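Colleague: Letter by letter, the chains look like this.
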Amino acid sequence: MNLYEYQGKELFAQYRIPIPKGKLAVNRSDAVGYALQAGFPVVVKAQVLTGGRGKSGGIKVVKNEAELDRAVDDVFSLRIKGFAVEKVLIEEGVNIDKEIYMSILTNRATEKITLIACGQGGMDIEEVAKKDAAAVLKMDIDPLIGLRSHHFLKLFRHLEISDQSVIYQMKHIAGKMYEMFNELYLSLVEINPLIITSGKRVLALDSKTVIDDNGFPFLKEMERFANQDDKNRDEIDAKNANLSFVALDGDIGCIVNGAGLAMATMDMIKHFGGDPANFLDIGGSSNPDKVVNALKIITRNPRVKAILFNIFGGITRCDDVAKGIKEALLKSPISLPIVIRLTGTNQSEGVEILKGLKLPATSSMQEAVKMAVEKCGGVK
Amino acid sequence: MSILLDKKTRVLVQGITGRDGSFHTKMMMEYGTKVIAGVTPGKGGQKMNGVPVFDTVSDAMEMKPDAACIFVPPAFAVDALWESVEAGIKLITVITEGIPTLEMMKVKNHIKGRGITIIGPNCPGIITPGEAKIGILPGSIFKKGNVGVISRSGTLTYEVVYALTEKGIGQSTVIGIGGDPIIGSRFLDLLEKFKNDKKTDSVVIIGEIGGNDEIEAAQFIKEELKKPACAFIAGKSAPAGKKMGHAGAIISGSSDTAQAKIEALLGMGIPVAALPQDVAGLLK
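Chains as they are written, first to last, in this note's numbering: chain P, 1 to 380; chain R, 1 to 284.
What the hints contain is simulated information worked out from the structure, not anything from laboratory work.
Relax, there's no trap hidden among the hints.
Straight-line alpha carbon distances no greater than 27 Å define the calculated BS3-like cross-link-like pairs of lysine-lysine that follow:
(1) P/K112 x R/K106
(2) P/K171 x R/K106
(3) R/K242 x P/K130
(4) R/K144 x R/K199
(5) R/K106 x P/K208
(6) R/K243 x P/K220
(7) P/K296 x P/K358
So these bits of chain P aren't anywhere near chain R, every CB distance computed over 10 Å:
(8) E10
(9) P20
(10) D69
(11) G122
(12) M139
(13) L153
(14) N301
(15) L330
(16) V351
Selected chain P positions facing chain R (in silico; Cβ < 10 Å):
(17) A109
(18) E126
(19) F181
(20) D212
(21) V246
(22) L248
(23) L261
(24) H271
(25) F279
(26) F312
(27) T343
(28) G344
(29) M365
Everything numeric in this text was worked out from a predicted model, so none of it was measured.
Every residue, glycine too, gets a C-beta built ideally from N, C-alpha and C.
For reference, chain R alone in the conformation it holds in the complex (with noise of 0.2 Å):
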């Protein structure tokens, strides 16, 4: 399989019964996703979409998830977090945004060292074009190929992969990490992931200001990838000190610039695309 996700993957879905959850369930569906079960507490019994509906995690695990997908609002989400994760689920992507930082630390501090795999929150999930995605992206964008695609952005990502497949560049997994400053999965630990992944053989990055992440992966990169792989950086006409949207995009220093990133990963020798669509033209 690719990394992370394939059309065997058992999907729980957490907020089933929501607007977002019930028809991102469907799309995710339609799609090739194998959803086996949703939770909604008060809800359990009911069907939607033909999947069963079960009122906690722990009576869902019945049907063996391997995965679970949260689209529950920011004052449950950090809750819900939390029951998948002492119910044994391995693979839990956060798609809401606004769960505080502090509960964020907390869980991320907890599942170290336990084999968990949190992607998000804040992000629009993980797809395996040609099998199954997790989130809410939109599949018809996606083409199946060999390129490891990492974003800390939703729309933009949507942006490179649209330029990615008019090229005929496939992907093999595209994984949106979220904007939060405090994150389940960074650059880094996808990029270990892609690095023994047989199905890819390249990897964009598309990182933003704030946080010194795409300076470590661009060390990565260059001593432990070895595989080829280049950049986007969004925010060179972002201002210091203001938040851009993302909790996590902002600048605070003189190392977390857009400029900053881009020197580092020029440095390692990983190209970066000035236009969003020039990554395609990179990969050649």
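In isolation and in its complexed conformation, chain P is listed as follows (with noise of 0.2 Å):
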């Protein structure tokens, strides 16, 4: 789960470490009144859940009041890469003597902690990357053994710092953020950039947080960041009814068990022409619930005009799945075509159950895939 630059810097705040004097506002005239407070130059940063933020000119520089105005008006005004800014971050401005890059992430490729630093901050590290290599210094960290001296010693050669002020405030920030990324089970925290101001103090300018999906329910103090993903109405139910969803811009509605299922059947219905409305995964657990619930979010969808079911049974029960749709169906008769496509367990109950519902189920999913694709159009 994604974190505002506010949110993270928060936690920044938290964890002790050192953040420019800010306030977040929800409106204009909130935004004008905590600025003309902060005093000039104050920095107008929007508050959004993507990259690229600087370039579409999500972050503002103000110098005095005459140009304040038009500044927060015209970040409040903006979209970017779709997103709405619907909260602005006012920060004191700072001068900056030298930025830098440093994050700490989940290496699956490793599968150790990787610590990342370049002495070219502000910019995209993967720019930065490609252009020279040796600029960027990854560091792989074994859980086990933790952050220790001589990984600062590295940091700091390749960082070209001496200054002794210096390293011992990037030590403490180096050590807070891996410490947070154990503690709060972070994919992600990184400082880009991380500045040096000219009277030698160090500052994260922004913050880049991800919590990993999996560790978020352990922590309890972290709730408060629940459901604010860029997810719209859908997704968020489809959470609640613990279903795995992913909105999609296409015509026919998927209810699969299995991710990779779900997946190969969004592919399928691509291969033979078709497009779909959604990735859904009702799960492993056999649930008429579930089946009910994701009928529900996928057929409030106005673009759909079928719906196709991929149940291949093995914890699922073929059953389970029927009864779910007999249940919704009774709740409230749904007239878009419906194919259903039943194999594995408890395979014959599940198509009896439906033949009451005079609903034909085929065993095979090509069959099935092609039979929807041709109710919204016609098989290519």
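Take each chain as given, in its own frame, and dock them per the hints.
Modeller: Written as structure tokens, this is what we have:
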């Protein structure tokens, strides 16, 4: 789960990672008021859950009062990669002597925690690495060993930092980032840029924080960040119903058991010239309620012209899925065409239930997918 | 024996008294798996399907288990895993979904070089058709034979295997390695085992978006496996940056898309099926 910059900075403050003074504003007049309190120069920063904010004009440095209203208006009017700006962070301006990049992340390739640092901060780190790989330090840390003195030595040597006061501050910051990464089950904590001011203060000017979704349920104190990703209403409802759901643009509503099979179903729909309306995995357990909830979410999408079930029973029992379909249809009839594929555990019991509803079921995935595509305009 | 598991393998089930644990213990035993002990803290001394239950794994070691299968909810699954690792069990399969990546990373770094194999987490398990299975795979769709299958998915594996079995193509061992970003055994670890397995003549890998393991696997298949192989990759139509059900199934760059993986496999001369059931045709 992604956090906003201001939320990441809340965590920074909690971990005593220094940040510029700032305040979150949710409307234009508050933003102007906070900026006047902060004094000039002041920075207006759009809060959106996407990168490339600076390039889109989402960060404005305001030098005086005359420019303020216009700058606040401009930032609030932006749409950044489809995201409306609903909140801005008003921050004191700081003078920058040097910009550094630093992040700590889960490295699935090396199966270690990786610390990445670069003397060229404030830029897209992947672009820097492409041009000059040696400019970027990537240091693997064994989670059972932790961040140790020799790692710091390598870090400061790479960044060519020799000022003792700066070393002291950076060591504190890197150590706290590592602590936070471990305690809060993060998959990424990134500061870009981490700046050194002309007065030799080290400050986190930005923050990007991603929490591991599997770690999140274990962290009671993080609950306040729940359900805030860039999800639409369907995605939030699906999550509450324990369904894995991703909204897509097409017209075939998909209900599948298993993530891999759900992806393969979408791929097959495309293969035969159709377009899936969603990814939906009802998961492994047998619970008719899941099917009822899945149908509720899918049928309220006005684009959906047909519904495709693809069930390969293992842990999931075909008769439970059929019961769920029956229950949903009894509650509110569905006029859209429904195509059902049932194979595996308790297949014949499931097919029997569906017969009672006059819904035919096939045992072939390919046949079912083709039928669904035909209902929506035909097989290519 | 085939890789990992046969009918002589003595299996311990952690979480044996739970809903999933008890049901699948029964299914495993019906298939032919030698389940010799179960563990549920506080339930020591009871019996489950005739299998003695112990409070801890170390108590259960008197039954000399070769392998453990974990059906424990996420909040306790990591401890259950550490418990088996510490007790000295050499093959541990974790069915549980929802273990924090960092916790799995710690276990993985600990077991390196200790001769311990972990399968999963978030996986359907292992089956050696006609002999034994560990986990939740539906036994009836498998057939004894000479094709090794390694997959990041559950039901998609069943889909591919179902098509193989229908065409009369049997399997030596089928392993669902799990959908998490950090897993006990990756494609490469198991390809090594299939390479040396006399009962495996060819290999199928079933991958998906996220990570670079399929690309590593392609390299190994070309240079070292010396057996025919083919693949299926799910997620060609998946949007970037969205997690597709599995914690590890997320496109975060340009090298972890389905297209990039398919190109890498084809580039190494490994055929890739357009549809799951086409895998069977590529093996003939």
